[in-house]
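Chains as they are written, first to last, in my numbering: chain A, 1 to 793; chain B, 1001 to 1291; chain C, 2001 to 2155; chain D, 3001 to 3164.
FYI, nobody ran anything at the bench for these hints, they're computed from the structure. Treat the hints with care, since some could be wrong.
Straight line, CA to CA, 30 Å or less: simulated DSSO-like cross-link-like pairs of lysine-lysine [said to hold, decoys possible]:
hint : chain 1 : residue 1 : chain 2 : residue 2
1    : A       : Lys704    : C       : Lys2056
2    : B       : Lys1228   : C       : Lys2062
3    : C       : Lys2150   : A       : Lys704
4    : B       : Lys1173   : B       : Lys1249
5    : C       : Lys2133   : A       : Lys704
6    : C       : Lys2062   : A       : Lys66
7    : B       : Lys1249   : C       : Lys2090
8    : A       : Lys190    : A       : Lys19
9    : D       : Lys3122   : A       : Lys19
10   : B       : Lys1249   : C       : Lys2129
11   : A       : Lys66     : A       : Lys317
12   : C       : Lys2062   : B       : Lys1144
Reference excerpt, derived from the structure (chain C facing chain A, CB under 10 Å, subset only) [said to hold, decoys possible]:
hint : residue
13   : Gly2061
14   : Thr2083
15   : Asn2088
16   : Glu2111
17   : Val2112
18   : Gly2114
19   : Leu2115
20   : Ala2117
21   : Gly2118
22   : Ile2119
23   : Arg2122
24   : Ala2132
Cβ coordinates follow ideal geometry from the N, Cα and C atoms, glycine included.
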Amino acid sequence: MKKPIEIAGVTKHIGVPRKRSEDPQILMGQAKYVDDIKLPGTLEVAFFRSTHAHARIKKLKLDGAKKHPDCIHIFTNEEFSAGATTFFPNTRGTLHPVLMPFFAHGKVRFVGEIIAAVVAPSRYIAEDIVDLIEVEYATLPAYNDVEDAMQPDAVLIHEDLESNVYYADSFSNGDVDKAFSEADLVVSEKITTGRTSAAPMETRGVMATWGWDDTLTVWSSTQMPYPLRTSIAVNLGISEQTIRVVAPTVGGGFGQKAHFFPEEFILPWIAKEIKQPVKWIEDRREHLLSASHAKQCTIYMNIAFMKDGTMVGMKIKNIGDSGAYSQYPWSGLIESVAANNGAPGAFTVPNISFETVVCLTNKMSTGAYRGVGWSAGCYAREMVMTKAARLLDLDIIEIYRKNFIRHDEFPYTTSTNQTYDSGDYHKVLEKCMEMSDYEDTKKQPRSTKDGKLRGVGIAFFVEQTNWGSRSAEESGFPATLHDTTTVEMDPTGKVTVRSGQFSHGQGLKTTLAQVAAETLGVPFDDVVVLDGDTATGAYGMGTFASRSAVIGGGSVIRAATDVRNKLLTIAAHVMEANAADLEIDEGKIYVKGSPDRSMTVAEIAYITYYDRFTRPDEDEVEPTLTATRHYDPPAAYANGSHAIHIELDPQTGKVDIKRIVAVEDCGNMINPKVVDGQMRGGASQGLGMGLLESLDYDESGQLKNASFMDFMIPNATTLPDIECAHIVTPSPYTEGGFKGAGEAAMLSVHIALSNALVDALSEYDGPLVPMVTPIGPQQVMDLINNTNQPQAR
Amino acid sequence: MKPANFEYFRATSIDHACELLSVHGDDAKILAGGQSLIAAMNYRLARPQVLIDISNIDNPSEITDEINGIRVKATTTQAVAEHDPVVRDRLPMLVDALEHIAHFQIRNKGTVGGSIVNADPASELPAMSLLLDAEYEIQSASNKHVMAAEDFFITYMTTALQSDEVLVSILFKEPPKNCGWALHEVARRAGDYALVGSAAIIALDDDGKCAYARVVLFGVASTPVRAKEVEELLVGQICSDELFEEAAKRVSEVVDAESDVHVTDEYRGNVAEVLTVRSLADALSRTQTAS
Amino acid sequence: MKLEGTADFLYEPQDVWTALHDVDILVKTIPGCRSMEPDDEGGYVVAVSLGVAAIKGDYEGKVRVTDVKFPHHYVLDGEGAGTPGYINMKVDCYLDAVADGTLMRWSCDAEVGGLIAGIGGRVMTGISKYMAKQFFKALNDEMKNLFEEKKIKSA
Amino acid sequence: MVDKQKIHLTVNGTAYDREIEPRTLLSDFIRHHLDLTGTHVGCEHGICGSCTILMDGLPVRSCLTFALQAEGKAIETIESLDTNGELSPLQNAFWENQGLQCGFCTPGILMSMKAFLEDNPKPTRDEIREALSGNLCRCTGYHDIVDSVVAAAEAALSSGTAKA
C-alpha cells in the first residue's frame, strides 16, 4: 500500500474551525435550489400514482383527463420508448435486478408507483388533470411483513422470480456451534427496526431542457451528479458527453438522494418529446410514499457469552425488507448485507455465522440513509448485549471493555474480514463516560420526586467510512468507487478546485478549499471549489457514505501536491535556489532561513504562464499549473460513543431526553466545527429513528402516515444540547489521515437511548429491554406492562 | 399538493358572510385562519367549491369583558386571545390551553372560532369550551341563536353547526373565584396534537369540601368529553388523592377511546385516567394557594 | 379497518330484512347515498357522497348481497372508488328475533386506500361508527312510516 | 374555470398589483409570481415551517395562506433581511455559529426568530427551543441554531437595540 502524502508546511488551514463560505448566499435567500431555477416556457409535471399496493392494471382511462383544455400531454408506459429500467451497472452480476420500471406496466407493486405523467402549464393544473385519470385495478394480496412475503404460498410480487426472496447468502467463520455449546449464556432475540425516511427538508425535484444542438441539461436534487449523468446516458441511449447534470443547491440528502429514481429519467425524456423545458417538484406526500425508505430489518440475533461477559460467538439471520423493487445503484441488499458484514462492530467475535436474506414487500423500495445497515444491525447486537449484561449482572460498560479491540491490535481484521485501520476504543469510551457522568449517575436513585424514572445509557460504534471500491468490497458490495479532483492555479496565482464531490449541506466548498490552501500554502480566500455541475467539475461519485472528506480531500491533496511541486520547481529555477530549500506560506515562496529571498506565488504563476524567458524550458517543466488526480483509498473505520440521560414517565411512557453526549474519532479533522455539525445532526436523526420515526403500513399496503403530521421527525424540543468531543487517531492509510464522520454521528444514539430506557426500568422485574424501534409512548408502556410492578432491589 | 379550484368571496362582515352562505349553501365553506382547512385543501381532501373568507372583516379580533365571563369574537386569532390581558387575568386556564395549540406561527393566523368549528377532538379549544361551560353565538341569514358547547360536538370534525350558519362569538364563562385548574397532555412532540389530554377545575367551599368540579378529556375519543360522572363523585367530598383516583376510574365509563397510528385505544383509556388524576391534584393544589 | 355494532328494531326479522333490502329505503337511509341502480350481475351500482365538514368525496361503486339465509343472515359486499381513494368492505349481518323485535349484529371489515388512508386515518373509524349510527336511526324512522302497524307492542 | 381576482399587497416594501387564481397559495405567489425564491416550501401542510414569512410583522405559514388573504397586507421575506449584501446581525449570528447546513429550512427559521427576538430580546435556551419547535431542520440537530439565536440576542442587546 502506498504511503500517504505528508502534508507539507505549517498547518494553517486544516483543523481550523472556520465558518463556511457557502453560508452567506443561503442566509440571504439567494441560493438556488431546483425549484428556484426558472427557464422561460417551463411546463410542470405531476404524476398519477398507484393507490393500490399490489394490483393488476385492468384498464387505464385517460380520455377524461385528455379532454382538459390545459392538458398538454399525458405519458404512460405505452409511449415511453426508452429502456424501462433504473439499473446502473454497478452490482453483482448474479443478482436478479428486480428493476423498478419508469412507468408501471401491467401491475403496480406499491402505493405511490408511477402510472402516468401529466404535463401542464402549472402544477395546480397538472394536479387537476391527474384527478381526472381513472384506473380499473384487479387487486392482489399485498405484503407488509417480510415474514409473510417469504411464505412458500405467498403470491409473487415479481412473477419472473420463484419467490419473493431474491437474495439469500450465508457466511461462517470459526466454530460457532462449539462456541455456543460451551458458552455460559446464550441470548437470542428477534429485533425489528422501524421503516423510516431520510426526509430531507427539500424534497426531490428534477428539471430538464434540450438545447438547439441536442444537448441535454438536467437539474436534479441529487447527491451524485456524475453517476446520474452516466445512468441517463445508458438508460435513454444518449451519448454521455452531450448531457450536463447540475445539482444546484440541494436541501439535504442523507443518502436518499444517492439513488437513481424514475423521475430523473422521465423528465429528460418528456422534455425531448414535447420540445420544452419541464419541471417536477416532489410534494411531501409523494416524498413519503415514493422516495426510498430505509432501515427496516427483521433480525434474529443470537450471541454466546461467558460469565465474565466475553462474547464467544454470534449467529445472525438478517431479513432485509427491500420493498417492491431493488433500488439502484446500491440494490435492495444495502441494509442487511452491510449490517451482517459489519456485525462484530468494535468487538473481537472469534466465531460468527450469518444468514442474509432480502425479501420483497409491497412498499416503496429500501435505499441508503445515513448509517445504512449499521443502524439496524448494531441495534440488534447491542440490545442482545444489553440484555446479557442484565442477566449476567454486569454493566454494559464491562462487556464493552472485555470485548473491545485494543488500540495495540490495529490494523485488525475482524471475523467478517473487515480490516480496521486505527482507533482507541477504550479511550473514546472513557471520555464519553467521563463527560456524561455515567458512573455517578448510575449510583443515583432512579426515581425523581415527581414520580419520573431517571436513566442513563451509553453506546459505542465503529463505522466503516470513505466508500471507495475497497470499503464497498469489505461491506459486501462489489462496487467501483473513486474520485477525481483537478486543481488549477491560474496566472494570477488564484486556485480553482474542480471536484466530483458534491456538497449538499456538508460544507465541502469550505473544507476542500481548506485542504487545497493547506497543501498549496496559499490563503484560503484564494481558493474556489467548483462542485455539483458536470460541466465544471471532474468525474466523481458524489457525496455519500462518509466519503467526501477522505476521498475528495485525499484527491485534493494529491492534485494540489503536484501543483505545489511544480510551482516549487519553477520557483527554484527563477529564484536560483534549491527546490528542497523553498517554503510556501500563505502565498509567499521563500528560501528557508532567509525570508528576504522571496517571491509571491502570483509572481511565479504569472511567469509560468506568460514569461517563457524566465521560466524553465518546456521540456524541463510543462507550462501552466494544473493537475488532475484520482483516489480510491483503503477503508478507514471511524468510531465513537454516545451517552444519553432520560427521564421517563412510567405512567404515560413519555421519554424526555435530558442530555446527549457524543464523542467521535474521525481521524484528523479538516474543520472541527463542520464535524461538530455532522455529529449533532446525526445525533438528531439517530434519535428520530429511536424515538419517533416509523412509516406505518396497514395489512393492505396503505401507508397510514403520509404526512409530517403523523410521520414525525425531531423538532427543537425533542432533544437537548449535544455535547461533543473528539479523540483523534489519524488513519495510517488515508491521505491526510482523515476518516469519515457523517454517518457515524447517528450510529449509536438510538442504542444509547434504549440503554437509558433499560436503566430507567432497571428496578422493574425483567430485564426489560426493547427489541424494536422506534420506542414511542406505546412501546414503552407495552414494555412496562409485560411485567409486574417495581420491586425494591 | 395544490388546492383544487374554488370561487373566493371576501366577506366584509358576519352578516355578509351569512348572506353569501345562504346563496351558496352546501358548496360553500367559511375560511377564517385556514390553518386546518387550507392544509386539507392542499392535500385535496377538502374541495369546497366556494370559500367565504371572514379573516378580513372589520376588527376581526375582539375580546369583551362580560359579567359572567369573556366573550371572544370567533375570528379573533389564537395569538391575540393568548396575549389579551383580560383573558390572562380572568381565564388563565384558557391561556394555558392556547399556548398548547401547535406553534406560534400557526396561532398568529389560526382563529379561536376556527379551531372550535374544525372540531378536532384532540385540539384544545373545543375541550376548553366544555371546561368553561362556553356558549356559542351562532348566526345564519335567517336567524341567530345560542348553543351550549356541550350540544355542539358530534364526532370528528362534525358539529351541530348547519351549513348555512356561522359561529359568531364564544362566551367562555369564568369559573368560581379561587378555583384551581390544571391542564395535562401527552403529545409526541411539543406542538403536536395531544395523544391524550385532560383539563380540570376545582373550587372548594368554606369547610374545604369540593364545591365545584369540571373534568374534560380530549384527544381520547371522537369528540372532547366532559366527564360529569367524575365530577359528581367529587362534589361535596373532601378532596384527596384517593378520591381523585377513585373518581378517575370512571373515565373509562365516559370515553369511548380510539386507536390511531401512534397509540391504541387501551393506551388512551389508561393514560386518560392517569392525566385526570394529575389535573385534579394540580387543580386542588392551586385552589389552596388561590385564596 | 374493523368495526362492529348492534342495532335494535321493534319489528320482526323478516320486516327488518325487507327494509334492509328495499332499494328505495336504502337510498333514503344510507348516509350520502345519491343513487342505487341494479346491475346485470344481481348487485347494485351505488353513488354516494361521503365525508365530514369540508372533507367530502364522491364514490361510485358496487354492492352485492351474498350468503343469504333469509331472514337471519346475509353478507354485504361493497367496493367503491372516488377521488379521495377507494373503499372495499364486507359487512356481515345477523338478524335475531328477540323479545321486543329484532337484534341486528353487524361486523364490518373495510379496506380503505388512497388519500384518506394516508392522511385521514385518524378520523376514519370514528366517522364510520357515526355514519352507521345515522344509518340505523334513519332506517328505524323509515320503518315507522312504512309499517307502523307491524310494530311490536312490547309489554 | 374560475376567474382571476385582483390582489394588491406590499412585499419587502414594494407594492404589487397582480391578478391571480383564488387558489394561489401565498407561498407560490411569492416564489413564482414575484420570483422571490428565498422562501422555501417543505411540506405544504404547515408542519415544517420552511415557508414562514412575516405578514404585518407576524410570522405565518405562507403555505397555509391564500395569496388573496394577504390583500392590503405588508409581507416580509428572507430577501428583506440583508442590506445590499450586508448580513443583518441575526443572519451574521447564524453564519458565525454555523446555524445551518443545507440551508433549506433557514429562511423560515430566520423569519420566525426575527419576530421572536423582537418579542423576547433576552430568551433562555429553552424559550428558544420552544419558539423553534415550529420549524423543522433535518441537518443541524438544532443545537447550533440555538447558539445562533443566543448570539443574535446578545449582539442585539449589546448594540442597544432589540431589532435582530
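Verification of the hints:
Note on lysine 704/A and lysine 2056/C: the hinted pairing holds, with a Cα-Cα distance of about 19 Å set against a maximum of 30 Å. As the CA atoms of lysine 1228/B and lysine 2062/C are separated by approximately 44 Å, the hinted pair breaks the 30 Å bound. Annotation: proposed proximity of lysine 2150/C to lysine 704/A is violated, straight-line Cα distance about 47 Å (limit 30 Å). At most 30 Å may separate the alpha-carbon atoms for a hinted pair to count; lysine 1173/B and lysine 1249/B meet this at roughly 28 Å.
Taking the CA atoms of lysine 2133/C and lysine 704/A, the gap is near 25 Å; set against the 30 Å cutoff, the hint holds. A C-alpha spacing of about 26 Å is found between lysine 2062/C and lysine 66/A, which places the hinted pair at or below 30 Å, so the restraint holds. Using a Cα cut-off of 30 Å, the hinted pair lysine 1249/B and lysine 2090/C is violated, with the two alpha carbons roughly 36 Å apart. Our distance criterion of 30 Å between C-alpha atoms is broken by lysine 190/A and lysine 19/A, whose separation comes to about 46 Å.
Restraint check for lysine 3122/D and lysine 19/A: satisfied, since their Cα atoms lie roughly 25 Å apart, inside the 30 Å limit. Distance restraint check for lysine 1249/B and lysine 2129/C: the Cα-Cα separation of roughly 25 Å lies within the 30 Å cut-off, and the hinted pair is therefore satisfied. Between lysine 66/A and lysine 317/A, the direct Cα distance comes to roughly 51 Å. Violation of the 30 Å bound is thereby established for this hinted pair. Taking the CA atoms of lysine 2062/C and lysine 1144/B, the gap is near 43 Å; set against the 30 Å cutoff, the hint is violated.
Hint on glycine 2061/C is violated. Least Cβ distance to chain A is approximately 12 Å, over the 10 Å limit. For the restraint placing threonine 2083/C at the interface with chain A, the shortest Cβ-Cβ distance is roughly 6 Å, inside the 10 Å limit, so the hint holds. At about 8 Å, the closest approach between the beta carbon of asparagine 2088/C and any beta carbon in chain A falls short of 10 Å, and the interface hint on this residue holds. About 5 Å separates the beta-carbon of glutamate 2111/C from the nearest beta-carbon of chain A, less than 10 Å, and the hint is met.
Interface restraint check: valine 2112/C against chain A, minimum CB-CB distance 7 Å, threshold 10 Å, status holds. The beta carbon of glycine 2114/C is positioned within 10 Å of a beta carbon in chain A (closest approach about 4 Å), and the interface hint is therefore held. Interface restraint check: leucine 2115/C against chain A, minimum CB-CB distance 8 Å, threshold 10 Å, status holds. Because the beta carbon of alanine 2117/C sits about 4 Å from the nearest beta carbon in chain A, less than 10 Å, this interface hint is met.
Given hint, glycine 2118/C at the interface with chain A, holds; its Cβ is 3 Å from that chain's nearest Cβ, closer than 10 Å. For isoleucine 2119/C, the suggested interface contact is upheld, since its CB lies about 6 Å from the closest CB of chain A, less than 10 Å. For arginine 2122/C, the suggested interface contact is upheld, since its CB lies about 7 Å from the closest CB of chain A, less than 10 Å. A hinted interface residue such as alanine 2132/C counts as satisfied when its beta carbon comes closer than 10 Å to some beta carbon of chain A; here the least separation is about 20 Å, so the hint is violated.
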